[in-house]
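Student: Chain by chain, the residues:
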Amino acid sequence: MSGKVRARVPWGTFDAEEVRALYDDYAAALDAGDHAAWLDLFIDDASYVVVPLENVERGLPLATIRCESRGMLADRVDALVTTQFLARRITRHVITAVRPVGGGTGDRLETTASFLLLETIEGADTRVQCAGTYDDIVVVTAAGLRFAGKRAIYDAGLVPTSMAALL
Amino acid sequence: MSGKVRARVPWGTFDAEEVRALYDDYAAALDAGDHAAWLDLFIDDASYVVVPLENVERGLPLATIRCESRGMLADRVDALVTTQFLARRITRHVITAVRPVGGGTGDRLETTASFLLLETIEGADTRVQCAGTYDDIVVVTAAGLRFAGKRAIYDAGLVPTSMAALL
Amino acid sequence: MSGKVRARVPWGTFDAEEVRALYDDYAAALDAGDHAAWLDLFIDDASYVVVPLENVERGLPLATIRCESRGMLADRVDALVTTQFLARRITRHVITAVRPVGGGTGDRLETTASFLLLETIEGADTRVQCAGTYDDIVVVTAAGLRFAGKRAIYDAGLVPTSMAALL
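Chains as they are written, first to last, in the numbering used here: chain A, 1 to 167; chain B, 1001 to 1167; chain C, 2001 to 2167.
None of these hints come from the bench; they were simulated from the model.
All values reported here derive from a predicted model rather than from experimental measurement.
Where a beta carbon is used, it is the ideal one built from N, C-alpha and C, also for glycine.
Hints should not be assumed to be uniformly reliable.
Partial selection, computed: residues in chain B whose CB lies under 10 angstroms from chain A [to be verified]:
| id | residue |
| --- | --- |
| 1 | Arg1006 |
| 2 | Ala1007 |
| 3 | Leu1039 |
| 4 | Val1094 |
| 5 | Gly1104 |
| 6 | Thr1112 |
| 7 | Arg1127 |
| 8 | Gly1144 |
| 9 | Leu1145 |
| 10 | Ala1156 |
Derived list of chain C stretches under chain B, where covered just means 3 residues or more per stretch with a C-beta under 8 angstroms from a C-beta of chain B [stated by the list, open to error]:
| id | region |
| --- | --- |
| 11 | 2045 to 2052 |
| 12 | 2056 to 2068 |
| 13 | 2107 to 2118 |
| 14 | 2126 to 2139 |
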């Protein structure tokens, strides 16, 4: 692969520690299966997109998940929880390399980060489900930092069945 | 999985960077096989428990490892080292999402974190051994921050044979 | 394994956040396949060595990759890119536990860190490629922090075919 990384910009008015805390809370909420706490990390009109890297590179609009508001995202979560009723999956999101790559001068920061998702299905081994990058927009709200946009780009060309997981 | 994540509290009198350093030293000591340095990160009467998630959720008291002091933990390590004499394992602990979830006002902080354990057995591939969360108590001592309590909850319902690894 | 971990030293004149940012940029550049951005994180006469743990422990001089300057490293990257023309690999470097272990009083800091490399080959699952530790030298330059030396020690006794990946 030969591409171009988004260059780092200054944190600006944002505190690195607080931004990282947002990601840490994000992973913790998802892995505890606390969907209410997870949804609370998005603003009302946040966009949330999950897309394979190949589609991004080819400029294809097709996404695995595309929600244009927190309400849509909440509906999607309900659907997922219902689907997974029979086979429980425990997830573990490992998020690293949180980097400021745009904005930062006002109340809006663009960030990228790496994620690794592990999954344990009851009675089976823990295994790597997927890895990828986040392409996000973090904003300042009265309640603290929140995601105004999140695009999870996973390292794959195919859409595996179990990509039903939230990234 | 549908649960409840422990909510973040302020770092209080603790410095986020120092707490994270404690975890980094913890992983580095374990992965170098430096058990003396690892034991030194616990206070004398620290408790150390390794338990599968299923047991925690069902309220079962059974734990894979339960030590009520650093002395017991040292004995346990000796036993493990002896057992592993024939098949050497190299471990790699990836610890992320260190979060303050209680205390922080005095010399005691409750933290959670995510861990991922990889293992390489000589001549074989590196593979994921397990993942999970730490539920810890960090205290201030004259020698710096130390663990007064650590509970490693791994994402599994079964106790794999090789969970002889230290988490 | 029973070894000795390199003890932590103070960050000294270095800022923990900036050093971590160097590693985050390193991982992001490699995983975007942006080799120019990656090479830019080394000084001109930087050394870059990739070596299996077993060789380090036995004191064997043999390394998988050994470059004594950024120029040599650039040549090596060109060779790799050519080799990988047919089977594209997407990598994901997870770097944690960045620790200061020497220097720090002037413009030179010795650091260690843990890495985990995941690889996705087009159309296949994401899998763990290897894990290990970095043994690095970070220096202050007019352009910011850079690597003057990097030794990637991977947890293996054998040299897998695909260790053609950059660590």
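Student: So, for every hint listed, does it hold in this structure?
Tutor: To see whether the hints hold, each was checked on the structure:
no., hint, result
1, Arg1006, "8 angstroms, holds"
2, Ala1007, "8 angstroms, holds"
3, Leu1039, "26 angstroms, violated"
4, Val1094, "6 angstroms, holds"
5, Gly1104, "14 angstroms, violated"
6, Thr1112, "7 angstroms, holds"
7, Arg1127, "9 angstroms, holds"
8, Gly1144, "20 angstroms, violated"
9, Leu1145, "17 angstroms, violated"
10, Ala1156, "6 angstroms, holds"
11, 2045 to 2052, "violated (count 0)"
12, 2056 to 2068, "violated (count 0)"
13, 2107 to 2118, "holds (count 3)"
14, 2126 to 2139, "holds (count 6)"
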